[in-house]
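> One letter stands for each residue in the lines below.
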Amino acid sequence: MVLASVAELINSVWPAGVMMLGLGGLFALILLVASEKLKVEVDAKVEAIQGCLPGVDCGACGFAGCGAYAKAVAADPELIGKCAPGGSATAEKIAEILSLSVGGGSAPLRPVIHCNADISNRTYYAEYEGIESCTAANALTNVQACKFGCVGYGDCVSACKFDAIHIVNGLAVVDYDKCTGCTACAKACPKGIIEMVPFSEDAMTVVACHSQETGRMTRQMCKVGCIGCGLCKKNSDIFEVNNNLATINYTNYKVDEGVETATKKCPTKVIIMAGKTSS
Amino acid sequence: MDTLNTLLLGFISIVLINNLVLTKFLGICPFLGVSGRIDMAFGMGMAVTFVVTLSGILTWMIDHFLLMPFGLEVMRYVCFILVIAGAVQLVEMYVRKFFPPLYESFGIFLPLITTNCAILGLCLFINLWEINSLLEASVLSFGAGVGFTMAICIMAGIRENLNLVDVPQCFRGAPITLITAGLLTMAFMGFSGMIK
Numbered sequence: 528m529v530l531a532s533v534a535e536l537i538n539s540v541w542p543a544g545v546m547m548l549g550l551g552g553l554f555a556l557i558l559l560v561a562s563e564k565l566k567v568e569v570d571a572k573v574e575a576i577q578g579c580l581p582g583v584d585c586g587a588c589g590f591a592g593c594g595a596y597a598k599a600v601a602a603d604p605e606l607i608g609k610c611a612p613g614g615s616a617t618a619e620k621i622a623e624i625l626s627l628s629v630g631g632g633s634a635p636l637r638p639v640i641h642c643n644a645d646i647s648n649r650t651y652y653a654e655y656e657g658i659e660s661c662t663a664a665n666a667l668t669n670v671q672a673c674k675f676g677c678v679g680y681g682d683c684v685s686a687c688k689f690d691a692i693h694i695v696n697g698l699a700v701v702d703y704d705k706c707t708g709c710t711a712c713a714k715a716c717p718k719g720i721i722e723m724v725p726f727s728e729d730a731m732t733v734v735a736c737h738s739q740e741t742g743r744m745t746r747q748m749c750k751v752g753c754i755g756c757g758l759c760k761k762n763s764d765i766f767e768v769n770n771n772l773a774t775i776n777y778t779n780y781k782v783d784e785g786v787e788t789a790t791k792k793c794p795t796k797v798i799i800m801a802g803k804t805s806s
Numbered sequence: 183m184d185t186l187n188t189l190l191l192g193f194i195s196i197v198l199i200n201n202l203v204l205t206k207f208l209g210i211c212p213f214l215g216v217s218g219r220i221d222m223a224f225g226m227g228m229a230v231t232f233v234v235t236l237s238g239i240l241t242w243m244i245d246h247f248l249l250m251p252f253g254l255e256v257m258r259y260v261c262f263i264l265v266i267a268g269a270v271q272l273v274e275m276y277v278r279k280f281f282p283p284l285y286e287s288f289g290i291f292l293p294l295i296t297t298n299c300a301i302l303g304l305c306l307f308i309n310l311w312e313i314n315s316l317l318e319a320s321v322l323s324f325g326a327g328v329g330f331t332m333a334i335c336i337m338a339g340i341r342e343n344l345n346l347v348d349v350p351q352c353f354r355g356a357p358i359t360l361i362t363a364g365l366l367t368m369a370f371m372g373f374s375g376m377i378k
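In order, the protein sequence lines correspond to chains A and B.
Residues 528 to 806 in this note's numbering are what the first sequence lists, from first letter to last.
Residues 183 to 378 in this note's numbering are what the second sequence lists, from first letter to last.
Mixed in with the good hints there might be a few duds.
[What the hints assert, rightly or not] Below 25 angstroms or equal to it, Euclidean Cα-Cα: the simulated PhoX-like pairs (lysine-lysine) are:
id, chain 1, residue 1, chain 2, residue 2
1, A, Lys674, A, Lys620
2, B, Lys279, A, Lys564
3, B, Lys206, A, Lys598
4, A, Lys705, A, Lys620
5, A, Lys572, B, Lys279
6, A, Lys705, A, Lys803
7, B, Lys279, A, Lys566
None of these hints come from the bench; they were simulated from the model.
Quantities reported herein were computed from a predicted structural model and do not represent experimental measurements.
Let the sequences and hints guide you as you build the complete structure.
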């Protein structure tokens, strides 16, 4: 009984199957011929370069995406090394494909947040209840006492495609393990406190403040601001103090005793280490 | 003369009165998606016209010479989609070879012609309206493509000008586009009943 109905089913179904098979085969044949006839000559180099790019389309190179960059770099080898997420490894691979050699290569750029004040350290004149965006909050100048510091609404967080920056207690914190150095956060920050710094080591000494107010004003507004006292400059010559603000000259960056003493002696503890914590 | 009359009426009917986009509401996805710029809209219209003509003719032939004689009408949808997918692949290769900028600007919408319901809709309508001559079917298919091109080009023209208009904040983007499409549809409803 069951067998009979199965046989009947197969009997009534086979023309459909044969038909589909025939039609499918016919179209496959036509498309096969067409794909041979209408083949597009893609430059093998471009494809190879695209293969070794990260494929995240972050736009750090200045092109629309990884595909556009691959094409551009194949045409103009001077563009090698524009890929921030890929870093020097990708640059080397591209160079290999284009049969060039890359010399040395500079240290990878990583963002540094020039602010160290979380909510408890800051002073507010008013309560901000507007749109939750740094750009919008920045338009109201008198809400947060410090005009230079992190606003903490996370424009950098939404700009980051790698989940490498977060707002912790109202302060942007970079996750250096995930960061690829694509500069998106630095471009997004309306305060301009995110600076791209060449990380010659895993962790770098940074001045985590951007305030150019006088020392007295800074002390009034923030517990951890740079007061421009110049103690660090006396201990190590990598520091410079301009406009009441200490900065580090990264072109001749080196960690020696002077830097360590400066870090210890800084009265507001604004000189900190930034970078990968794991190592 | 009689045949010519039927063909002409059929053509006008499918372009204006039974326009697939504006009166049957088929193929809305590319109609809204690719109607940002008039040159792209025209390119999309051309691609759809090619695919719909090719697949209209092919599906009519498959329907009449293969499916009906063997009593396999139930297979219509599957076969039609197979034909459309094949035709789209062909168009994609062709456009990629000869019009690379157009290929780049289409992006995902080119392979998505496969799922453009206007095309499958037309193939099924040809069957539904019991079109019995190949010539008429091909004229109807071509007319459907022309109608689609016309609709999407009108839309693109309006949207290009819409960019310069002071639209209320809450209507910007998709809402005003949908309202425009609605108004356009109402205008085209005026053609209904023109041919009895």
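> Confirm or reject each hint.
So, going through the hints one by one against the coordinates:
1. Lys674/A / Lys620/A: violated (44 angstroms)
2. Lys279/B / Lys564/A: holds (10 angstroms)
3. Lys206/B / Lys598/A: Not OK: Lys206/B and Lys598/A at ~43 angstroms, beyond 25 angstroms, violated.
4. Lys705/A / Lys620/A: holds (21 angstroms)
5. Lys572/A / Lys279/B: Status holds; Cα separation ~19 angstroms.
6. Lys705/A / Lys803/A: holds (9 angstroms)
7. Lys279/B / Lys566/A: With Cα atoms ~7 angstroms apart, Lys279/B and Lys566/A stay inside 25 angstroms; holds.
Checked against the numbered hints given earlier, the structure breaks hints 1 and 3 and satisfies all the rest.
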